[in-house]
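Trainee: Sequence:
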Amino acid sequence: IRKNATQRYGNRTLFKGGLKFYSTLDARMQQTAETALRKGLETLDRRLGFRGPIGSVVQAQRGAWTGGPAHPISGASDDISALADQLLPDQTYGAMVVELPKNGGVIVDLGPVRLPLEDKDAKDVRAWRHEEKKDPVRLGDLLPVRLGAEQKTALIAQRPVLQGAMVVMEPVTGRVVAMVGGYDWTTSQFDRVTQARRQVGSSIKPFIYAAALEAGKSPIDRMYDGPYSVTTATGVWTPGNYDNKYMGNVTLMTALAYSLNTISVQLAVQVGLDRLIEIMRGFGIHSQIPRHISISLGTPDLTPLEIATGYAGIASGGRRVTPRFFDLVTDTSGNVVEDLRDAPPGPQVISPEVAYVTTSMMKQVVSRGTAKFAMNLGRPIAGKTGTSANYRDVWFAGYTTDLLACVWVGRDDSTPIGDKITGGGIAVPIWLEFMQKAHPRTKVRDFPVPPNVSFARIEPWSGEPTGPYADAVWMPFVRGSLPNRFLSGPPIRSFDNVVPAPTPPPVAKCSTLSCL
1 IRKNATQRYG
11 NRTLFKGGLK
21 FYSTLDARMQ
31 QTAETALRKG
41 LETLDRRLGF
51 RGPIGSVVQA
61 QRGAWTGGPA
71 HPISGASDDI
81 SALADQLLPD
91 QTYGAMVVEL
101 PKNGGVIVDL
111 GPVRLPLEDK
121 DAKDVRAWRH
131 EEKKDPVRLG
141 DLLPVRLGAE
151 QKTALIAQRP
161 VLQGAMVVME
171 PVTGRVVAMV
181 GGYDWTTSQF
191 DRVTQARRQV
201 GSSIKPFIYA
211 AALEAGKSPI
221 DRMYDGPYSV
231 TTATGVWTPG
241 NYDNKYMGNV
251 TLMTALAYSL
261 NTISVQLAVQ
271 VGLDRLIEIM
281 RGFGIHSQIP
291 RHISISLGTP
301 DLTPLEIATG
311 YAGIASGGRR
321 VTPRFFDLVT
331 DTSGNVVEDL
341 RDAPPGPQVI
351 SPEVAYVTTS
361 MMKQVVSRGT
371 AKFAMNLGRP
381 IAGKTGTSAN
391 YRDVWFAGYT
401 TDLLACVWVG
411 RDDSTPIGDK
421 ITGGGIAVPI
431 WLEFMQKAHP
441 RTKVRDFPVP
451 PNVSFARIEP
461 WSGEPTGPYA
471 DAVWMPFVRG
481 SLPNRFLSGP
491 PIRSFDNVVP
501 APTPPPVAKC
511 STLSCL
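Here the sequence shown is numbered in the numbering used here, starting from 1 and rising by one per residue.
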């Protein structure tokens with residue numbers, strides 16, 4: 001907020017002018033976002049395994065530890081801090097290893113109580129070896145733990161070495177209602193929402209598909225997912241899919257839902273890098289974007305705020321959305337200096353129809369693709385996961401009609417997080433944890449449909465017209481973009497025989513497009 005205010009008013013006015021800024025941040029959402037990100041990072045850290053003891057108690061002092069007061073670990077570091085006289089469920093404690101039973105368990109002493117580690121944690125602790133000395137965990141070693149279920153077990157509670165960021169905004173107004181720049185502000189003041197430029201991976205693909213739709217493609221156009229090579233100035237580049245498998249002929253809606261890399265590259269070649277970069281710039285992405293075909297797989301390094309801002313542009317009907325950190329500025333007398341609540345909408349970057357169809361394709365990412373876990377929110381959601389090369393960064397940005405949130409997780413040194421770590425498996429659960437607790441309890445609404453959009457009932461895998469059945473989907477089309485392969489009768493003159501606009505669309509006047 002201070003940085004944004006300084007940019008608008010300058011240091012002198014900001015610190016000596018007596019201005020009062022009314023922030024857009026929502027205290028409840030901010031707390032919920034902080035909790036969700038911390039919980040997600042701690043869960044992932046547990047999944048990645050035990051990293052070793054935090055210290056040890058010499059033989060002569062172990063008797064004093066046993067039966068003594070608890071030893072809480074401060075929130076600021078993993079050093080053993082002042083003593084405490086009670087055990088709290090959310091506090092991390094230093095626990096001394098007192099038994100290593102033959103059955104593979106681990107018994108630890110927290111001072112007031114002795115508890116076994118939970119089975120998975122005990123297995124990880126027993127399997128650990130010192131990186132250099134190759135020593136195992138021994139009696140007297142100190143482990144960071146928290147109380148488990150009903151305080152009958154202990155859980156390893158390492159301070160995560162991973163970092164993350166979350167930014168939450170209203171997708172139409174751009175009001176930033178929550179922003180978390182890392183795991184713990186007390187240990188790192190680096191704001192990863194606005195300062196960390198990280199490789200975005202497949203999070204870039206909605207912009208590519210929007211450019212393709214603008215160029216006349218439709219969600220049910222088919223392209224071949226298979227080995228594909230591009231000749232560049234530096235040689236021949238042959239991208240592959242995440243799992244090195246291919247799906248053959250697929251519709252664009254399926255290609256985005258399953259994040260097929262080869263289709264993304266082909267689309268970028270067809271629409272051209274200039275228009276793709278122009279769209280991203282139009283949506284407020286300012287970081288450097290190399291003019292290379294590899295940007296189609298997300299090689300640019302962008303901030304979480306830039307991804308959120310770009311997605312907000314799609315969600316808001318194709319208009320640029322400017323992130324807003326305060327609503328109102330007044331002077332010392334209470335006079336309004338600036339009222340940002342009445343700011344006019346941003347310029348149109350893509351048409352409302354293209355933006356809506358892009359959103360509908362992003363809904364397929366959630367309903368049947370890489371972000372399916374987000375469906376547990378119980379609302380219409382559009383979004384896209386992202387995983388960068390070698391699993392260094394994972395992303396998920398998703399939005400409803402009311403709220404947009406972007407989550408990034410990675411390591412500050414850009415080393416890999418771990419094998420097969422993906423945005424769908426890591427970032428989506430953090431996003432959902434936040435949304436389930438913080439999303440406004442508004443009426444469940446689907447995204448508003450602009451003019452010049454019509455619907456056809458489609459079989460989701462083949463993209464062919466179909467009658468009513470459980471897996472059929474109503475797919476929107478920008479008027480005039482219906483593929484020619486659907487025409488079995490006279491040429492289409494209008495879309496009047498396909499039901500337009502309502503959400504969800506009612507039963508069409510005909511179940512196939514052959515009657516058009």
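The hints are simulated quantities; they were obtained by calculation from the structure and are not laboratory data.
Ideal Cβ placement from N, Cα and C applies to all residues, glycine included.
Just to be clear, a hint being listed does not mean it is correct.
Claimed, not checked - For lysine-lysine, the following DSS-like pairs were computed, each having C-alpha atoms within a straight-line distance of at most 25 Å:
no., residue 1, residue 2
1, K152, K133
2, K437, K123
3, K134, K120
4, K123, K152
5, K420, K39
6, K123, K133
7, K39, K437
8, K134, K123
9, K420, K443
10, K123, K102
11, K102, K39
12, K102, K20
13, K133, K120
14, K152, K245
15, K134, K39
16, K102, K120
17, K420, K245
18, K102, K152
Said to hold, decoys possible - Per label pair, the in silico range of CB-to-CB distance:
no., residue 1, residue 2, range
19, E132, R8, 25 to 33 Å
20, D413, R47, 14 to 22 Å
21, T234, K3, 36 to 44 Å
22, S414, R275, 36 to 44 Å
23, N452, F190, 39 to 47 Å
24, W128, V337, 55 to 63 Å
25, R8, K443, 32 to 40 Å
26, S462, K372, 37 to 45 Å
27, Y242, G148, 18 to 26 Å
28, A27, K3, 16 to 24 Å
29, R126, Y242, 32 to 40 Å
30, Y242, G63, 50 to 58 Å
31, K20, K372, 40 to 48 Å
Trainee: Determine for every hint whether it applies to the structure shown.
Mentor: Consistency of the hints with the structure:
1. Between K152 and K133 the CA atoms are separated by roughly 33 Å; this puts the pair beyond 25 Å, and the hint is violated.
2. Restraint check for K437 and K123: the C-alpha separation of about 33 Å exceeds 25 Å, so the hint is violated.
3. For the proposed pair K134 and K120, the alpha carbon gap of about 21 Å is at most 25 Å, so the pair holds.
4. Taking the CA atoms of K123 and K152, the gap is near 18 Å; set against the 25 Å cutoff, the hint holds.
5. Restraint check for K420 and K39: the C-alpha separation of about 20 Å stays at or below 25 Å, so the hint holds.
6. Taking the CA atoms of K123 and K133, the gap is near 20 Å; set against the 25 Å cutoff, the hint holds.
7. About 13 Å separates the Cα atoms of K39 and K437, which keeps this hinted pair within 25 Å; it holds.
8. Taking the CA atoms of K134 and K123, the gap is near 17 Å; set against the 25 Å cutoff, the hint holds.
9. Proximity of K420 to K443 is assessed by CA-CA distance (about 37 Å); at most 25 Å being required, the pair is judged violated.
10. A C-alpha spacing of about 12 Å is found between K123 and K102, which places the hinted pair at or below 25 Å, so the restraint holds.
11. About 33 Å separates the Cα atoms of K102 and K39, which puts this hinted pair outside 25 Å; it is violated.
12. At roughly 65 Å between alpha-carbon atoms, K102 and K20 are farther apart than 25 Å, so this suggested pair is violated.
13. Distance check on the hinted pair: K133 and K120 sit about 24 Å apart at the alpha-carbon level, within 25 Å; holds.
14. This hinted pair does not check out: K152 and K245 have alpha carbons roughly 46 Å apart, beyond 25 Å.
15. Between the alpha carbons of K134 and K39 the distance comes to roughly 31 Å, so the proposed pair goes past 25 Å and is violated.
16. Restraint check: the Cα-Cα separation between K102 and K120 comes to about 16 Å, which is no more than 25 Å; the hinted pair holds.
17. At roughly 15 Å between alpha-carbon atoms, K420 and K245 fall within 25 Å of each other, so this suggested pair holds.
18. Under the criterion of a C-alpha separation no larger than 25 Å, the hint pairing K102 with K152 is consistent with the structure, at around 20 Å.
19. Range check, E132 to R8: Cβ separation about 52 Å, and the 25 to 33 Å hint is violated.
20. A hinted range of 14 to 22 Å for the beta carbons of D413 and R47 is consistent with their spacing of about 19 Å.
21. As the Cβ distance of T234 to K3 is approximately 37 Å, the hint placing it in 36 to 44 Å holds.
22. Taken as a hint, the range 36 to 44 Å is violated for the pair S414 and R275, whose Cβ atoms sit roughly 30 Å apart.
23. N452 and F190 have their C-beta atoms about 45 Å apart, which keeps the hinted 39 to 47 Å range intact.
24. Range check, W128 to V337: Cβ separation about 58 Å, and the 55 to 63 Å hint holds.
25. Hint check: R8 to K443, Cβ distance near 36 Å, so the stated range 32 to 40 Å holds.
26. Checked against the hint of 37 to 45 Å, the C-beta distance between S462 and K372 comes to roughly 20 Å, which is inconsistent with it.
27. The hint said 18 to 26 Å for the Cβ distance between Y242 and G148, and at roughly 35 Å that hint is violated.
28. Range check, A27 to K3: about 20 Å between beta-carbon atoms, so the 16 to 24 Å window is met.
29. At roughly 33 Å, the beta carbons of R126 and Y242 sit within the given window of 32 to 40 Å.
30. Taken as a hint, the range 50 to 58 Å holds for the pair Y242 and G63, whose Cβ atoms sit roughly 54 Å apart.
31. With their beta carbons about 45 Å apart, K20 and K372 fall inside the hinted range of 40 to 48 Å.
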